[in-house]
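Residue numbers (this note's numbering), protein chains in the order written: chain A, 16 to 216; chain B, -14 to 268.
Here chain B is said to cover these stretches of chain A; the calculated rule only asks that three of the stretch's residues, wherever they fall, bring their Cβ under 8 Å from a Cβ of chain B:
| id | segment |
| --- | --- |
| 1 | 23 to 29 |
| 2 | 41 to 49 |
| 3 | 93 to 101 |
| 4 | 141 to 149 |
Output of the computed footprint for chain A on chain B, the stretches with three or more beta carbons under 8 Å from beta carbons of chain A:
| id | segment |
| --- | --- |
| 5 | 78 to 87 |
| 6 | 198 to 205 |
Hints are computed from structural coordinates only; laboratory data are not their basis. Predicted model, so just to flag it, every value in this text is computed and none were measured. A virtual CB, placed ideally from N, CA and C, is assigned to each residue, including glycine.
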Amino acid sequence: MPTLAEIQTGIRDALVLGDRSAVMPLLLGGLHPEHRLAIHQRHYAASLTRALVERFPATVWLVGSDLVTHAARTFVRDHPPEKPCIAEYGEEFPRYLGAQAGTEALPYLAQFAAIDWHLGRLALATDDSPRVHVIHLDWSLDELMTIFLTENTPEQFALRREEVWLEMYGLRGELRMTRLSDEAASRASGQTQREISCVPS
Amino acid sequence: MAERTGIGLRLPHIAEVVATRPPVGWLEIHPENFLANPHAIELLTDLARDYPISVHTVGISIGSADGIDLAHLRRLRDLVDRLDPILVSGHLAWSSIGGTYLNDLLPLPYTADTLRLVAGQLKRVQDSLGRAYVIENPSTYLSLATSTMSELDFLHALVDATGCGLLCDVSNIYLSGHNMGYDPYRVIDEFPAAAVKELHLGGFTSEDDDATPGATVLIDTHAHQVADPAWALYAHAIGRFGAQPTIVEWDADLPALEVLVGEAAKADAVRTQAREERHAYAR
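Please model the entire structure based on the sequences and the hints provided.
Right, here's the structure in full:
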């Protein structure tokens, strides 16, 4: 008889990888229990894909939901969650998205999605939680993000390749972004209540 | 304990609940939705001054073969200490294995080995939280052929072994009976009544059952109003368990808050009627 660990590993493989071979002989439910297992498989893929897509609203605005949704579907297979707080799931998604086939013309996509991730976290901050994050950028993505946040589309916009240290501040839904000098960025990295991120473009 | 029915409090409703203080008996939260959201915890702490709060976990994974996630348990304990809830509960299910969290409540094989594991991990959770951890019966689409006892027998054995309280999800009993081919009224009649601390109601979705052509399968989506057969079973449950504290859950395709509050009022009405019929019968 299989152990509990073997049964649970078999169900995990079915849900994440689509490999039902180990667990199928053990299942009961209707005449064809594999279809009942498919209910759990659908829930795993759909609930996590939806959570990821909702977690990156600015990225969806920038490149459309098809690209983000497609990448999210494969991400939940390749990088399943490790912890029960799904709101914290997806920190690696910006790099993964930026490495997707078809994004070669968008070398700034990973860094833009990383800003999206940080702003999402900072929007929930209070006085008792970290409320300042700093990120290093290779493009003027703060200007692009400002267009999304303010819904104020200029007549013309050109993304420039330039080095930016961006300080993002959030408190109870309010968000603010400020460019830092190199000296200020260096000082910021030594302070508590701040997180420093560098996402390669 | 709350006399009126409560609601599952979901994040999209929290600002309106803070602003309007709707007429419900209590609020139940999924801590996993709050632990990463300091602002929501701040709002919830404010609500806890006016409403009894219940903490209903979806991520403890009491049946995992590789044990309880102690880091998650510590975060849960910190939240519980802050809120001082009237109840803390979770599911007879598992969600994690080998470092992967599957974001679902998955079926356990009901065996003596599983009973020992769940009883031991339940004790560990209760010891860590310093309070009772109430166990909910699952919604079921599948069972394991290695089971040596029914879900009902397992719940009796768990209560006997640990003295734990139970959260009877009436909708789950209706749904599981439909999906697995047993009589939900018999389950209510044979449920360990003395252990029941809370009742749940939630909406489900009916789909064609690909597993059995021509049949339907009920999915525990919490995306609809409570169905009429579940209301009827709830009235029967009140007759058996008494007027236990009740929560109405709605998790997907969230309606306007007033719709959810209306469902809670309907549960109050069903409970009042069931109680009056019980008293009339006694006279």
